[in-house]
Structures are given as C-alpha cells and as structure tokens.
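A.B. asks: Those sequence lines, one after another, are chains A and B. Start counting at 1 in the first sequence, then tack on 212, and there's your number in this note's numbering. Start counting at 1 in the second sequence, then tack on 212, and there's your number in this note's numbering.
Relax, there's no trap hidden among the hints.
Treat identical chains as interchangeable: a pair holds within one or across any two.
Below, a list of computed lysine to any residue pairs in the SDA-like style, where the Cα atoms sit at most 20 angstroms apart:
| id | residue 1 | residue 2 |
| --- | --- | --- |
| 1 | K430 | T241 |
| 2 | K235 | P254 |
| 3 | K235 | S447 |
| 4 | K546 | E510 |
| 5 | K546 | R505 |
| 6 | K235 | M440 |
| 7 | K546 | V509 |
| 8 | K409 | V509 |
| 9 | K503 | L465 |
| 10 | K503 | Q248 |
| 11 | K279 | T258 |
| 12 | K503 | Q246 |
| 13 | K430 | S244 |
| 14 | K503 | S244 |
| 15 | K260 | P233 |
| 16 | K249 | Q231 |
| 17 | K503 | T241 |
| 18 | K235 | E439 |
| 19 | K546 | G508 |
| 20 | K318 | A379 |
| 21 | K409 | E510 |
| 22 | K260 | V232 |
| 23 | K318 | G549 |
I should point out that these hints are in silico values taken from the structure, not numbers from a laboratory.
Number of protein chains: 2
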Amino acid sequence: MMAAAATAQQSGATNTPEQVPAKSLPVPTDVSPQIQKVIATPPATTWKDLWTTGEQWRTAADAQAAKTLQKLPGLRERLHVKVEPATIDGVRVYMVTPDVVSPEHKDKLLVHVHGGCYELFPGEAGTSEAIMMAGFGHFRVISVDYRMPPEAYFPGALDDAMTVYRAAVKQAGAKDVGVFGTSAGGALTLEMMLRAKQLGLPMPGAIAPGTPMSDVTKTGDSFYTNEMVDNVLVSRDGFCDAATVVYAHGHDLHDPLLSPVYGDMHGFPPTILTTGTRDLLLSNTVRVHRKLREAGVEAQLEVFEAMSHAQYEMDDTAPETHEAFGEITAFFDKHLGH
Amino acid sequence: MMAAAATAQQSGATNTPEQVPAKSLPVPTDVSPQIQKVIATPPATTWKDLWTTGEQWRTAADAQAAKTLQKLPGLRERLHVKVEPATIDGVRVYMVTPDVVSPEHKDKLLVHVHGGCYELFPGEAGTSEAIMMAGFGHFRVISVDYRMPPEAYFPGALDDAMTVYRAAVKQAGAKDVGVFGTSAGGALTLEMMLRAKQLGLPMPGAIAPGTPMSDVTKTGDSFYTNEMVDNVLVSRDGFCDAATVVYAHGHDLHDPLLSPVYGDMHGFPPTILTTGTRDLLLSNTVRVHRKLREAGVEAQLEVFEAMSHAQYEMDDTAPETHEAFGEITAFFDKHLGH
Chain A
213 MMAAAATAQQ
223 SGATNTPEQV
233 PAKSLPVPTD
243 VSPQIQKVIA
253 TPPATTWKDL
263 WTTGEQWRTA
273 ADAQAAKTLQ
283 KLPGLRERLH
293 VKVEPATIDG
303 VRVYMVTPDV
313 VSPEHKDKLL
323 VHVHGGCYEL
333 FPGEAGTSEA
343 IMMAGFGHFR
353 VISVDYRMPP
363 EAYFPGALDD
373 AMTVYRAAVK
383 QAGAKDVGVF
393 GTSAGGALTL
403 EMMLRAKQLG
413 LPMPGAIAPG
423 TPMSDVTKTG
433 DSFYTNEMVD
443 NVLVSRDGFC
453 DAATVVYAHG
463 HDLHDPLLSP
473 VYGDMHGFPP
483 TILTTGTRDL
493 LLSNTVRVHR
503 KLREAGVEAQ
513 LEVFEAMSHA
523 QYEMDDTAPE
533 THEAFGEITA
543 FFDKHLGH
Chain B
213 MMAAAATAQQ
223 SGATNTPEQV
233 PAKSLPVPTD
243 VSPQIQKVIA
253 TPPATTWKDL
263 WTTGEQWRTA
273 ADAQAAKTLQ
283 KLPGLRERLH
293 VKVEPATIDG
303 VRVYMVTPDV
313 VSPEHKDKLL
323 VHVHGGCYEL
333 FPGEAGTSEA
343 IMMAGFGHFR
353 VISVDYRMPP
363 EAYFPGALDD
373 AMTVYRAAVK
383 QAGAKDVGVF
393 GTSAGGALTL
403 EMMLRAKQLG
413 LPMPGAIAPG
423 TPMSDVTKTG
433 DSFYTNEMVD
443 NVLVSRDGFC
453 DAATVVYAHG
463 HDLHDPLLSP
473 VYGDMHGFPP
483 TILTTGTRDL
493 LLSNTVRVHR
503 KLREAGVEAQ
513 LEVFEAMSHA
523 QYEMDDTAPE
533 THEAFGEITA
543 FFDKHLGH
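This is chain A alone, in the form it adopts within the complex (with noise of 0.2 angstroms):
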C-alpha cells in the first residue's frame, strides 16, 4: 500500500466520478518498430460509422473486404497456407491448411470464428487470422463463414458457428479440437460453450477467445479509461456495438449468447484469453478470466503492452504476432487430446 492512498483512504470516498484532464500519449519505444507504426495509426474517423440495418452495414463490410482482400495473398504466401472454400452441413466454411501440418497436430482440428462486431469480414475476409493460426502454428483450420445480417440476425451467426462445431468433433473427437477467434469472433467461442452445455455436446479440448466482445451492455470499466486510447474500436459509442445492435435484432443484450461474461462458465475447457494495456475490451478480457477462475477453469491471460483492440494480428511481420499466436499453439498443445 502507497502514502497516497492510504491517505486517500482516511479522506473517505465519494462517489464523485474521477476527472482525467486532456493527455498526450507518445508512442511507447518498448515495443516492436511494426507494433510502434501499429500503435502511431491514427483512429479512423470510420469509427462513428453507427449504421442501422443489416444492409447498410453489408454495403459497409463489402468495401472494406474488398480492401482485405487485397492483403490476403501476400498473408497466405508469407505463411505458407492454402485456403479453399467449401460447405459443412449447408453453412459455408473455409479449409485453411498450411503447407506443413506439424505431425503433433495430425489429428488435431480448429474451428475459427472471425471477428467485426457480428457484420465484418464477410466470406473470404474473414479468413486473415485463420491463416496466421495456421501458419504460426502448423494446426489445420477450418474458418467458419457464419451468416451476417442482413442474411440472418441473431442467433444465426452462432447456429452456423455450432452446425461446423458439431462435425469438427464428429470428424477429430472433441478433445482434438480447438475452437478461437477475436473480438466478436472470442465472443462467439465463448458463446458457442455456453450453447454446446446446452445441448449436452461434449466440451472441445481448449479455446482461445482473443479480446472477447463478452459484454455489448456498454459495462467494463475500460470502455472508459481506454476511451480515445484505443486507436481500434476508440469508443463505447463507436461502429462496434452499433453493429452488435443491428445483430441482436431487438434481443436483450444481456443474454449471456450475446454478452457471455454473464453466463455459467463452470464446466468450460482451457481458455487462453489475449488483449493490450490500450484495448477498450481489456476489462471485458480480464472480467472472462477472473469468471473463468472463479469456476475453477483453467485460464491463462496475455496481455500485451500499448496494443489496442486485437492489434496482436494487425501485422505478422511483428515478433509480438509471433509471440501470441505462439502462446495460443503452446496452450492448444498442452491441452488438446487430454
């Protein structure tokens, strides 16, 4: 305990919310050149994008997938992995292989779900951390293409999540398999474990929830400090949950199938979560964790310096993309077949 607060303490509290006056953030040195040009991006002035329906937003994630799109095939070159379309049980999926499956992960499986607030990175879009898995960690995935709005609001994304879950354990044996993804995509992998207890489907053999939207009810304390920080999402009141409105469809935001930090965690498999010191989700990251541990889960959390919003898969020419999808492939390792 410090001087301050313990005089702090003997002051008495009040419930006056705390000022912070205006601040200068200079780029931090502690980190990697790649992530330093990350972290000195200025924010998007898109990030007041607050669009209502399902087709505006689909008109919105075309142009930018187009933009993605362009980025993909130096990804799949530089990490030497192949991505095909195809179909599981009606929903469409693609198959991300890398060139070289490591002969640990022969019989192992991950299923990803890609993040953007439930209405990004349609189709082949959302397939850039799918291969970065892949080809980091020689695992074979497969990249669930869930129905966004406004082909199919809530639950769809989450049915189409669940139907390539299902034949995943039907194909490798669930113990075999990993399930990941970030943002609306580590809410989904939350989501989808909260559903498989539903159901009475078996428990994969470990998750990684990177960054997981885990509470669209505007609660968690970052929404507030990492306000203007975060040089991603920027702001409680920006594009993100405003998609998330549109895809919940006029269904309560607090149902743990939208917002899972308010579901029963007991039960779950190995979670290795992964956020910044800068991210607007940080507090809905650690609050999983510390839900996760409560439960009696084994959790493990990376938190990684300055990174806003999922920046550990902005560039993966950086040591710190390395270092976290390695963390995510030693955990799988440790977990998966056990």
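Go by the hints and put chain B onto chain A.
C.D. replies: Only chain B this time, still in chain A's reference frame:
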C-alpha cells in the same frame, strides 16, 4: 481486425502522439461495493510529495506508519494472525503466523518483502500484506523489515532480503520457500531472483511479485495511459519514482537490480503476477509477464477489473482481495515443494 483500424492502416502511420481528451470516469458497477469505495477515493494530494533526502522520506514514512499501525490490530484479529518481531542474521524481521497453518503448508515458508517505493512502511507498518497472505493462505511468513534511507541506500534493502532468503532456504529448503511482495516488494522479489542467480543460490519453489516497480526509468505505456486514472500512484512524476531516486542514491536506474524488467529471467521459478486495469504499473507488470514467458518460465498473470496500483490488498473484507490471495495460494500450492 476492425473496420476503423483497417482503414486507419491505409491512411499511413505517423509518430504524432495520440491526443486524448479530458474525461470523467464513473465508479464501475461490476466490482464489489468494497472495491467501488476504494476506486471512488480521490487521489490524495500527497502524490506530489517529492522529498529529495532519506531523512525527509523517513519523517514522512514515520507519520504515515503511525496511521497504518492503528489498522493492524483489527486486521490481525479478523485474519487470526499473530506477528512477532525477531532478527535473522542481524536483519530485522517479523514472524507472521496464522493461528492455523494448513497441514500441507507445514513444511512451507514464505518470505515477504513489503512495498512502499523503497522508503515507506518501516517496521511493523510493512506487515499488512504478510498478515493477509498468512491469514488467507494459512502459511507461515517471514516479513523482512529491510533497512531504508537514511539508514541504508541501494542495495541495502536487497542485501537484507537476501540474508533472510538464505536463512529461509537453509531452514525449509529452497523448493519449499516462496517469495512475494507488492510494488517495491514486487521489484525486490524479482531483484532477489537476479541476485540469487549472480550468487549461485538456488531458486525458490515459486514467487508472487505483485504489480512490480519493474522499470523505474519512466518507461512503460501505462505511465501515460493511466496517469491521473490510477488514484494511488497517480503520475509517473509522483512520489514513488522520487522515492526510488533517493534509494538509488546515484546508482544507474537501468540496473536490473533497480529495474528488473531489464534482467535476464532465464531460470526464474514459476511466477504469478497481479495487477489491475487502472494500475499505473499495468505495463510494467505485463512486460515482466511477457519477458518471463519469452524466457520459458511458467508465469501466470492476474488483472483485476478497474483496480489502481496494489488495490487488491487495500481492503481485506473485499471478495476480490480474498480472490487475489486465493490465486497466489493456489499457485504456491501447485509449485512449492516440486
């Protein structure tokens, strides 16, 4: 990856510092009432106390210690712990013993190094964290009342801690010894491991550095992002770094025995780290975590929602406090003796 970032990436990075407007932080509702009260406490004006001599610091420390001492009888009573002064090879210590030592902790011994920026909490005032560990964990604890300025400067605190560590290892055997502490005590815990390596001493079974002052060169992104957000340390230009400069007494602050994040952590024992999302030392906790993981060390990170520096030990009646010491106990149980 989110829409805003994907667009921002294309706009080209700059090295302009990010500008964060003034903001108001509501007291979070997703923590216990006790921790809400701790969080709602305004920063004490004493954060600007920048004494420049050991004598000035000791005067301030004594005044503060007198207040801390008033709280200790109640703490000891609630947690069923007794505290007795002693000396070990000339070093002042407190033997901190719970009424009930767990049967499985019969052969275990913990060494505690208190916090306070290397200047505060002299004498019995430094025992509160040791009382919590003994009471919540049912461990026997030796709390080191290491010399502080003006009695001794760097590396006096570390030398005293090492003397007690040697004695503990001799008594219990290294693998049955755990070392823990918070803030400067977290830094000292890490510095002790670096020093033990230099001296060829065996590593303990496990360590628990809480929110360590791992970098006193003002490096670490949360020195900026959590400035005026953390209501304990408040600012990188506050009392704590000023105190450390006096302790360092002209010694290079980059020395890993003052800034252990710069040390070689290969061969460190299993480590559990604890911090909070509002902690000014959040970055300097997660940087140690990452560095340990890079060195192949088993390292577990716990980050508590909305807590500023060391607030996981501010109120022994808060469920989060119980949880924080419960995690450390479980970690020691897993690793001590192996």
